[in-house]
Structure formats: C-alpha cells, structure tokens
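Modelling step: build the complete structure from the supplied sequences, incorporating the hints.
The listed protein sequences derive, respectively, from chains A and B. Counted the way our numbering counts, the first sequence spans residues 1 to 283. Counted the way our numbering counts, the second sequence spans residues 1001 to 1295.
Among these hints, one or two may not hold up.
[What the hints assert, rightly or not] Here are some chain B residues pointing at chain A (derived, C-beta under 10 Å):
#1 A1012
#2 T1107
#3 P1160
#4 L1168
#5 S1179
#6 G1187
#7 K1188
#8 G1200
#9 C1238
#10 G1285
By construction, these hints were calculated from the structure, which means they are not laboratory data. Heads up, the beta-carbon is just placed ideally off N, CA and C, and yes, glycines get one too.
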Amino acid sequence: MSAVAAKPATGAAMNPTAMGIGVILVLILLGICWFVSPTVGLMALIGVIIGGVLIGFGVHFVPVGGAPAAMGQAPGIATGVAMLAAGGGLAGLFGGAWAAAAGQTPIVVIITGGVGGGLMMAITCMMVNFVYVFGMGIPAASGKVAKDPITGDSQAEYKSQGTEGHGLPFVSFVGGVTGGIFAGAGGTLIYLELLNLYEGALPTLMQLKPEQVLPIAISMAGIFAVGMFLVNAVLTAYNITGTIEGPHDPKFKRWPRAIVASAVASALCGLVAILIVLPLPFT
Amino acid sequence: MEQIVFGIGITALTGALATVAGAAEDTESNIGSQGDPNSQVQLAPQMGFLHRIFNKAVAGEPPAYGLWCCLGAGLAWAFMAMQLNAVLAIVLGSVLAVFVQGVYATTAYVGRTASLSKFGQPVYVDILKSMTTVTMAHAFIAIFATVALCQLINGALGHPFPLPLLALVWGIALGAAGSATGNPYYGKERQYQNQKFGAGVPISASGNIVRYAEAGERNSIDNGWFTAKIGGSASGICFGLIVFLELWRTKVGAGWGSIAIGVLLILIFTVVDRYIEIWARKNYGPYTEAKEASS
Chain A
1 MSAVAAKPAT GAAMNPTAMG IGVILVLILL GICWFVSPTV GLMALIGVII GGVLIGFGVH
61 FVPVGGAPAA MGQAPGIATG VAMLAAGGGL AGLFGGAWAA AAGQTPIVVI ITGGVGGGLM
121 MAITCMMVNF VYVFGMGIPA ASGKVAKDPI TGDSQAEYKS QGTEGHGLPF VSFVGGVTGG
181 IFAGAGGTLI YLELLNLYEG ALPTLMQLKP EQVLPIAISM AGIFAVGMFL VNAVLTAYNI
241 TGTIEGPHDP KFKRWPRAIV ASAVASALCG LVAILIVLPL PFT
Chain B
1001 MEQIVFGIGI TALTGALATV AGAAEDTESN IGSQGDPNSQ VQLAPQMGFL HRIFNKAVAG
1061 EPPAYGLWCC LGAGLAWAFM AMQLNAVLAI VLGSVLAVFV QGVYATTAYV GRTASLSKFG
1121 QPVYVDILKS MTTVTMAHAF IAIFATVALC QLINGALGHP FPLPLLALVW GIALGAAGSA
1181 TGNPYYGKER QYQNQKFGAG VPISASGNIV RYAEAGERNS IDNGWFTAKI GGSASGICFG
1241 LIVFLELWRT KVGAGWGSIA IGVLLILIFT VVDRYIEIWA RKNYGPYTEA KEASS
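Rendered as structure tokens:
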C-alpha cells in the first residue's frame, strides 16, 4: 500500500496481533530465564519487567511540549519526552540507591526512589510555570480540554491567539509529579533487583569476598538501571509521538501499547543483564 | 550531631555548585542554540530568513551533558587514582571534557548549517571562531561544577555510586532541568522579541526570528547575554533546588523520615505552583471573552 492510499491512523488504536506477539515474547524470555536460573534469576527478571513497565507507564503522565512549547505555542515542558523522564527518574534512582546502601527495606528504597523522581518533577514543573508567568507574562492554558479536570478552571479564553495553549495547567503539573514518582520507583526497582542478584553471584564468579565485589555490583546494577531506564523512556516517546499534555491528553489512552513494548524490551535487556553473571546450565 | 551538621554543610555547598551549573548550562545551550528553540534557528533559512545564530543542536541537552559530565568525572577519577590532588584532577578532567564539547559544537555547527546551503544560508567562519570558545567556557563552568558536586556527594556524603555514574545521572538531570526551565525564555522572549509580550508565538510566525541587533546583525553572544538574566538564573535555581532538597531530605531524615519530608516538599511545591497559576489568571486576565472563546 502506498503512503497516499494508507488510511490515517487514529493513534490510539490497538493492534491485538502485535500485543499478542509481545506477550508471547515476554513468556518466551521468562521461560529462558527459568531454564537458566529458576529461582534467583527468574525473580530478578520479573522485578526488572515490573520496573520497566512502571517507567513506561509513568512517562505517559509527564507533560512534554517539545519545540512548540519553547515558543509558547503548545502547553507542556519544552524538552523531549525521554530526556525529561530520564532526568526525573534518574534523580529518583539516585535517592533509592542511597537508601539501599543505608540498609533500608526494599519497600522503603523503592518509595524513596519514587518520591525523589516526584520531587525533581515538582520543582521543574513549578519553575516552568514561574518562567512562563513572571518571565514571559503568559498564563497557563491547555489546548486539549475546555476545563482543567482537577481544578475546573476554564482554559480556552486563556489561550493566546494562534497557539494551542502554553505553560502547565494544574492537571499537567500533577501529571508530571505522578510520572516522576512512577519512573523513579521503576528505575529503583530495576536497580535493586540487579544489585541483589550481582551481590549474590559475583563473589563465586570472581572468586572474591562479598565486600570486595560490592563496588562492582553497585556500578553494574546502576549502569544497567540507567540503560534500561533510557530504553523504556525512548520506547514510550515513540508511542507518544512527540508531545503530550498529561493524563487528560487523548494520547494518554495509548498506554497499553507501551506497557507491552516496555515489558518485552525490559525482559530482553534484563535477561542479558542476568546472563552475564549466571553460568549457563549446558556449559 | 556533628556528622549531621557536616552533612548539611556539604549539602549546602553542593546546592550552590548546582545553582552555578544550572545557570551556566542554560546560558551555554542558549549561546549554542542547542535546546528546542533551535528548531526555529534551523527553520528560519528555509523560510527565507538568513541569520548569524550559532546552531549546534545534534543531541538534546540532557544526553549531551550526561556525556560531558560523565567524561569529565571519569577522567577526574582516573587522575585521582594516579594520586593527583582532587581539585586539580576535576579541573583537568573538565578541561578534557570541554575539548570534546568543542569538537561537538564545531562539527554540529558546520554540519547543520551546510545542510541549509540549498536555502542560501552561509557557514560563517567568524561565528564559528568566536562562538565556539564562548560555549566552551560556559560548558567548562557547568561541567566543573557538576563533577565537583558529584565528588562531594561521593567522597564527603558517601553515596555508593562511583563518580562517573553519579556524573552521568546528575548530568542528565542538569540538562533536563536547564532545558525545561530555560528553553521557553530563549525561544519565546529572545528569538521572537518582535512578537507581543505576554502571549505565545502564533504558529503562523514560525521561522521569522529576530535577526538584527541594536547595531548590525544579532549573534548568539547577544542571546546568551539576554537569557542569562532570567532564563539562566531560573535554570540555576531549579537545578540547585533539585540537588539541595534531594540531598537535604536524605541527610535530615532516614528511611520513612526522608520519604515524609519528600512528600511534604512535593505538596509545598504543588501549592506554590497553584498559587502562581491563579496569580497569572487574576492579574493578566483572559485573552478573549469566555463566551467567544468557547463558541
């Protein structure tokens, strides 16, 4: 079919075949992991997949306006989806890793990571509105909804002529913080799962004492967590196709696609991260 | 107690360094026109508006700063392993990372501008010579401050991540905070200074960026001078607050305590944001009548 003959895609439409293939791929990758390491490795991979899905889901909440937002032509934060989500989520990972090193329980570590991501996004979103209002004299207005779903503020009359809106309406601010919390918690969960695995496997593999391998385990888990974070954030950026205003944007309904894609990508990346320390059963 | 006071002192110092880094990063990206407003710098010649603005946006600010800060920190870490003094090692590492930034800026400007040759946009060698060094100087400040704060977090506060990984994390966060806060000010207020104040740029005006200064043609150093006042300082405050509060909540409370402080801070920023939004609606008012707008 030529591009001219192709029907315009609605964007939110789901492809059941592709979703089904995605689920089967995840199951195959889980099966491979179960074959290699039915206990430690499989649990780590499940944790990594959940973390990746949390990141993929969370990025949909982040209001990103891209280049049009930088000219006050569209609402949202004036940067890329993957960039901003990575900034927020990695700030969360930083806090989570610190809590893990202090010997906190896993639930505290993951929540600390989530709150770190949320705090970064709250400060950034507040400063975006600060610059729009006090630096440029422009009030916040959404281009996608007539009224803010949370505050009920009308939006249309606050849009300046020839634009689709500007700044961050309150619902977008809340979306940004929510996205940061999900992304930070997901990144921290991936880090924690891989750290536990490496702490257990590396002493045998390298013939060293556990305290000697700790810096290596932390570095490897941190690098893999950052890498998987970027994988999931970029995948979601493709799903969003550029810009999104937040949870009230019609594009938000595309999240199930990203969940499946994130699960497959995280399962594959996670399997690689696990296989580098676990010996294969047939060697 | 002494340990907590020491920790808070180091936290304050890292917050100050982050503020400097944020301000320098935004000014550097505006001089290099690296953020999202660069779309207009690239678009202008295609619309017939030739200009003398620097143009080095090949990657977004977050991955670019992630690379440069990580590179600076990795080299500094290697120098420190060679028993070099930490301050000297960070300076040397940052200098070497800045050379990479300079190569990036040069190739990006030449490559991007050459792609516009069919629209008649020349590659100005004098712009290349004068702007690149200015962006490098600002990048050095941003990279040095970020690597230094990472060294404090790692060495003095005891974060488990090694120095290069910390610098990657905070470099990406620096680029994200700087581009989010600083880009609208450069994109709307500076590039479209000919448009009405207090309103977004109409989509129909895209590409018609301001190309003339008080005397002669405008260049990117003029843009850096203009945006450093509000865009740069706002970016600095943003990144400074992120680093300071993230460290502070961990130093003051531990476990659930730091989570409670974090949630409280998020709520405070939510209230401040809502206040700013309401203040703008009350003081600036709507652009059109509500009835007309909804029809």
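Going down the list of hints, with the structure as the test:
{"no.": "1", "hint": "A1012", "verdict": "violated (17 Å)"}
{"no.": "2", "hint": "T1107", "verdict": "violated (21 Å)"}
{"no.": "3", "hint": "P1160", "verdict": "holds (4 Å)"}
{"no.": "4", "hint": "L1168", "verdict": "holds (6 Å)"}
{"no.": "5", "hint": "S1179", "verdict": "holds (4 Å)"}
{"no.": "6", "hint": "G1187", "verdict": "holds (3 Å)"}
{"no.": "7", "hint": "K1188", "verdict": "holds (4 Å)"}
{"no.": "8", "hint": "G1200", "verdict": "holds (3 Å)"}
{"no.": "9", "hint": "C1238", "verdict": "holds (4 Å)"}
{"no.": "10", "hint": "G1285", "verdict": "holds (8 Å)"}
Violated hints, listed in ascending order, are 1, 2; each of the other numbered hints is respected by the structure.
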